[in-house]
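*Asks:* Listed here are the chains, written in short residue letters.
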Amino acid sequence: MEKAIIDKYELVVGLEIHAQLATKSKAFCDDANSFGEEPNTNISVITLAHPGTLPKSNKVAVEYSIKMGLACGCEINRYNIYDRKNYFYPDLPKGFQITQEKHPICIGGKIDVKTKSGIKSSIRLNRIHMEEDAGKSIHKEGEKDTLIDLNRAGVPLIEIVTEPDLRHSEEAYSCLMEVRRLVRYLGVCDGNMEEGSMRCDANISIRLKGAKDYGVKVEIKNMNSMRNVQKAIDYEKIRQIEMIENNEEIISETRTFDAQTGKTYGMRSKEALNDYRYFPEPDLPPLIISDEWLNNIKADMPQLPKELFQKFTSKYNLPEYDANVLVDSQDIALYFDQICDHSKNYKAASNLVMTSIKSYLNDKGIEMQDFPLAPAKIAEIIALVDSNKVSNTAASGKLFKAMTASPEKSALAVAQELNLIQESGNDFILPLIQEVIEKNPDKVKAYQKGKKGLIGMFMGEVMKLSKGKVDPKKTNKLIQEALEKA
Amino acid sequence: MEIVYSSIKEIKTAIEQGKTSCEKLVNHYLDQIDSQKDLNVFLEVYADEALSRAKTIDEKIKNGTAGKLAGVVIGIKDVICYKDHGLQAASHILDGFVSQFSATAVEKILEEDAIIIGRQNCDEFAMGSSNENSAFGPVKNSVDKTRVPGGSSGASAVAVAADMCLISLGSDTGGSVRQPAAFCGVVGMKPTYSRISRYGLIAYASSFDTIGIIANNVEDSAFILEIVSGADDHDATVSHSEVPSYSKLLTPKSKYKIAYLKETIDSEGVNKEIRESVKGKIQQLEELGHQVDAVDFPFLEYALPTYYILTTAEASTNLSRFDGVRYGYRSKASTDMLSMYKRSRSEGFGEEVKRRIMLGTFVLSASYYDAYFTKAQKVRRIIKEQTHKLFEEYDFIVLPTTPSTAFKIGRYDESNLVEYYLADLCTVQASVAGIPAISIPCGKDKEGLPIGLQIMGDSFKEAELLAFSKYISDLI
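Chains as they are written, first to last, in my numbering: chain A, 1 to 486; chain B, 1 to 476.
These are computed hints drawn from the structure, not numbers from a lab. Be a bit skeptical, because a hint or two may be false.
[Claimed, not checked] Pairs of lysine-lysine, DSS-like flavour, derived with a Cα cap of 27 Å:
| no. | chain 1 | residue 1 | chain 2 | residue 2 |
| --- | --- | --- | --- | --- |
| 1 | A | 136 | B | 342 |
| 2 | A | 102 | B | 384 |
| 3 | A | 85 | B | 342 |
| 4 | B | 378 | A | 102 |
| 5 | B | 332 | A | 136 |
| 6 | B | 342 | A | 140 |
| 7 | B | 108 | A | 85 |
| 8 | A | 56 | B | 384 |
| 9 | B | 332 | A | 140 |
| 10 | A | 85 | B | 378 |
| 11 | A | 56 | B | 83 |
| 12 | A | 8 | A | 116 |
| 13 | A | 344 | A | 358 |
| 14 | B | 332 | A | 144 |
| 15 | A | 102 | B | 375 |
| 16 | B | 342 | A | 144 |
| 17 | B | 108 | A | 56 |
| 18 | B | 354 | A | 85 |
Use the sequences and the hints to build the structure in full.
*Replies:* Below is the structure:
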């Protein structure tokens with residue numbers, strides 16, 4: 001389609017993001033909440049909805065939900081009511097899902113987003129509410145029967161609902177990235193979309209630029225990666241523009257995204273017309289969040305990415321680039337922060353983390369928490385460089401590598417073992433300079449006549465004689481002095 | 001028919017004196033059950049198991065290690081879970097279902113060495129006031145076999161009245177233990193909502209349901225209540241307030257302030273003999289120096305519609321789990337998923353249950369939610385508040401338990417359903433308000449059919465309510 005036509009329209013997107021909470025047990029019973037187990041093993045009478053069973057709410061799930069709310073700047077609702085959402089499906093054992101319809105636990109808030117192309121936006125949240133997951137229906141090809149695995153039934157979820165504030169598909173991608181980073185920082189969800197622990201539905205509409213009213217929205221489900229969310233929005237935008245340009249009417253419906261074809265397909269309209277008959281769950285009393293409880297949760301909040309970013313750029317004076325790279329992962333950011341408890345050379349610490357440490361982790365395929373060196377050891381390396389005892393190259397190369405193999409040894413001890421300690425004493429350097437000057441009288445004359453570039457040659461010779469152990473800065477200065485005098 | 005032992009106290013004394021044993025008692029009740037099979041009371045009798053347990057408990061009695069309910073034989077309504085025993089709410093939808101756990105109340109009585117003799121018939125899913133809505137046929141009143149025993153815990157009341165067990169655990173959502181107790185001439189009590197854990201009680205209407213106790217007398221009711229009540233981790237709605245020793249608190253006060261509701265006693269719907277009987281009791285109380293006042297309670301006429309809107313709404317979703325997917329009845333005629341749901345539920349549920357599911361689904365539907373459900377919730381709050389207000393001034397409210405005595409089996413059908421629902425007229429107020437209420441025998445009508453006097457107390461005032469009920473019972 002012509003760009004000029006596409007440019008007439010504005011995309012309007014709102015997201016509904018589900019995140020499975022990484023609690024030990026399910027939302028309303030003691031059954032284990034763990035992914036990848038044998039089907040139908042974490043299913044007590046409560047998960048199976050046997051007659052006579054009752055739900056009881058999992059406090060940790062409530063705390064995780066509140067943490068996400070606090071991280072997004074939401075207002076925390078102190079008087080929570082659970083609701084039942086009624087519909088029949090074989091993977092929904094009770095015939096209803098316990099959710100929060102009228103009184104969600106978190107109200108308002110926002111997610112700050114910055115896309116790769118530099119679009120900065122603040123996506124307002126409508127709400128975050130708590131609910132329980134359904135089981136899984138497994139349709140095997142060629143078989144008539146549907147298999148049901150109820151391990152997932154009753155796993156706690158939060159649903160993060162944004163306002164229709166997104167205008168670009170890449171904002172959706174960035175928004176999901178940010179949500180994933182937040183849930184991971186908070187430790188409330190592993191954020192893995194491929195495994196389904198984070199899921200996203202998108203409500204998409206278009207309107208003419210400058211129009212006040214929203215267009216008819218279409219809900220897209222079944223996108224199992226952040227890239228697919230972006231792709232589905234891109235596809236849907238063009239589909240809707242084409243329809244409007246062709247004077248066709250867009251109907252409010254639920255569509256599913258097919259990652260194979262990259263297209264969206266309409267689902268049966270019957271499903272969209274469900275009346276869920278929400279009403280307050282009579283088996284759970286109102287959940288009241290006391291000041292004390294809320295304060296304890298607040299006290300337990302980790303430092304968030306934006307707080308660490310702020311700290312790294314202002315207190316440690318790091319460039320924004322460095323700070324962004326560091327806070328991308330909580331473990332790395334906190335490790336860096338701990339180095340800074342032992343070293344004031346923050347930029348050197350950042351460099352070591354972003355280069356040596358990150359490539360070490362990549363090479364070994366391990367996580368930050370499995371990195372063998374304590375932050376204090378990294379500070380020792382930095383101190384050796386700062387005091388000119390070890391060259392920067394040797395420090396980030398040979399020394400770093402050797403230390404990871406013997407993490408209990410001090411940086412100094414390892415540097416000595418490897419013979420990496422630079423000599424900066426005049427007694428050591430001056431005789432070497434003298435030797436080189438004596439061997440090269442012509443070059444000395446040439447230098448004195450103005451061929452200052454020759455200093456590099458002298459430097460190289462001295463280095464060679466010292467087997468690379470002289471402090472280059474100091475040596476350079478001494479060579480200059482010696483050449484002037486010679 | 002001679003009742004050998006009619007109270008826990010008598011049984012305990014007889015056991016102590018060596019006149020009887022758990023084994024003898026169980027054999028006696030089994031004989032009683034066997035000889036009155038035509039009443040259709042028990043859906044399943046646990047004869048062998050009860051006898052073997054009786055022998056174990058007799059040993060414990062000898063060794064002095066027996067619990068408080070040693071010698072007490074109890075029947076349970078078929079809506080209360082008992083581990084490894086059948087459970088089906090008198091419905092085909094649960095055909096073949098075996099409970100995998102015991103209700104908290106059942107755990108508690110078993111811990112005290114009670115013997116459970118079997119599960120009792122009832123109205124399907126506790127929906128009904130005559131015990132005619134059972135998939136296993138109607139239960140007959142032992143006083144007059146042509147009449148209903150009331151419902152929904154009809155069989156539980158008959159079992160006690162006809163000496164098939166000493167105590168029954170039933171359930172009361174809108175009068176389901178009090179009304180059959182009145183029809184059968186026994187004591188039926190519903191405590192404050194949340195006093196007894198609902199874990200293991202099949203839900204009809206979660207915010208109304210309570211386990212209730214049917215016994216021969218107030219003392220036994222008090223004794224069982226103190227054992228089955230109390231906090232429970234499995235029920236988020238259960239009360240954590242301390243459970244008094246009700247059976248030790250049965251001494252009445254010297255002066256009571258009692259209210260009676262003109263709207264009930266003077267209602268045209270209330271049969272004349274019942275009105276006279278209750279009025280006679282009121283007069284007797286006045287003569288004994290208690291203050292008795294007639295009070296207006298203009299909200300009463302709204303209690304019944306409020307009750308039916310809210311209970312059917314809750315029931316419609318509570319019963320969604322019976323879908324033929326995981327357990328119970330699945331129609332063999334199912335061809336696909338949708339037909340499995342439709343056929344299994346259409347064939348598995350009885351007419352009254354389906355009617356209430358439909359009504360509840362209707363009142364919760366988006367277009368009618370506010371007009372019915374929201375409004376009924378508001379009215380419920382008003383009825384609660386106004387009822388509590390009465391208790392600021394009065395200790396108790398007395399009223400008839402039922403507008404009529406036990407009616408003939410088959411008297412009501414779809415043509416006079418509203419009249420059938422009116423049988424709950426006097427009992428729903430306590431359920432809507434969540435307060436404790438008890439029905440005690442109050443004489444008989446000309447045909448010899450029992451009349452029940454209902455007494456309602458304020459929330460968690462079971463001790464006072466039971467003491468006063470014993471006082472009135474002793475007057476009769």
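*Asks:* Holds or violated: residue 332 of chain B and residue 136 of chain A, Cα atoms, limit 27 Å.
*Replies:* Holds, because 24 Å separates the two Cα atoms, which is no more than 27 Å.
*Asks:* Compare the distance between the alpha carbons of residue 8 of chain A and residue 116 of chain A with 27 Å, and conclude whether the hinted pair is satisfied.
*Replies:* holds, 24 Å
*Asks:* Within 27 Å, alpha carbon to alpha carbon, are residue 56 of chain A and residue 83 of chain B?
*Replies:* Distance of about 21 Å is within 27 Å: holds.
*Asks:* Under the criterion that the straight-line Cα-Cα distance not exceed 27 Å, is the pair residue 342 of chain B, residue 140 of chain A satisfied?
*Replies:* holds, 24 Å
*Asks:* Take the C-alpha atoms of residue 108 of chain B and residue 56 of chain A, compute the straight-line distance between them, and say whether it is at most 27 Å.
*Replies:* holds, 20 Å
*Asks:* Taking only the CA atoms, is the gap from residue 342 of chain B to residue 144 of chain A under or equal to 27 Å?
*Replies:* Satisfied, since the Cα-Cα distance of roughly 19 Å is no more than 27 Å.
*Asks:* Between the alpha carbons of residue 102 of chain A and residue 375 of chain B, is the straight-line distance 27 Å or under?
*Replies:* Within the cut-off at roughly 17 Å; holds.
*Asks:* Tell me if the straight-line CA distance from residue 85 of chain A to residue 342 of chain B falls inside 27 Å.
*Replies:* holds, 20 Å
*Asks:* For the pair supplied as a hint, residue 85 of chain A and residue 378 of chain B, confirm whether the alpha-carbon distance does not exceed 27 Å.
*Replies:* holds, 21 Å
*Asks:* Take the C-alpha atoms of residue 354 of chain B and residue 85 of chain A, compute the straight-line distance between them, and say whether it is at most 27 Å.
*Replies:* Given pair residue 354 of chain B, residue 85 of chain A holds - Cα atoms ~20 Å apart, limit 27 Å.
*Asks:* Has the given pair, residue 108 of chain B with residue 85 of chain A, been kept, meaning a C-alpha gap of at most 27 Å?
*Replies:* violated, 34 Å
*Asks:* Residue 332 of chain B and residue 144 of chain A: Cα distance at most 27 Å?
*Replies:* Holds, because 16 Å separates the two Cα atoms, which is no more than 27 Å.
Of the numbered hints given earlier, the model fails hint 7 alone.
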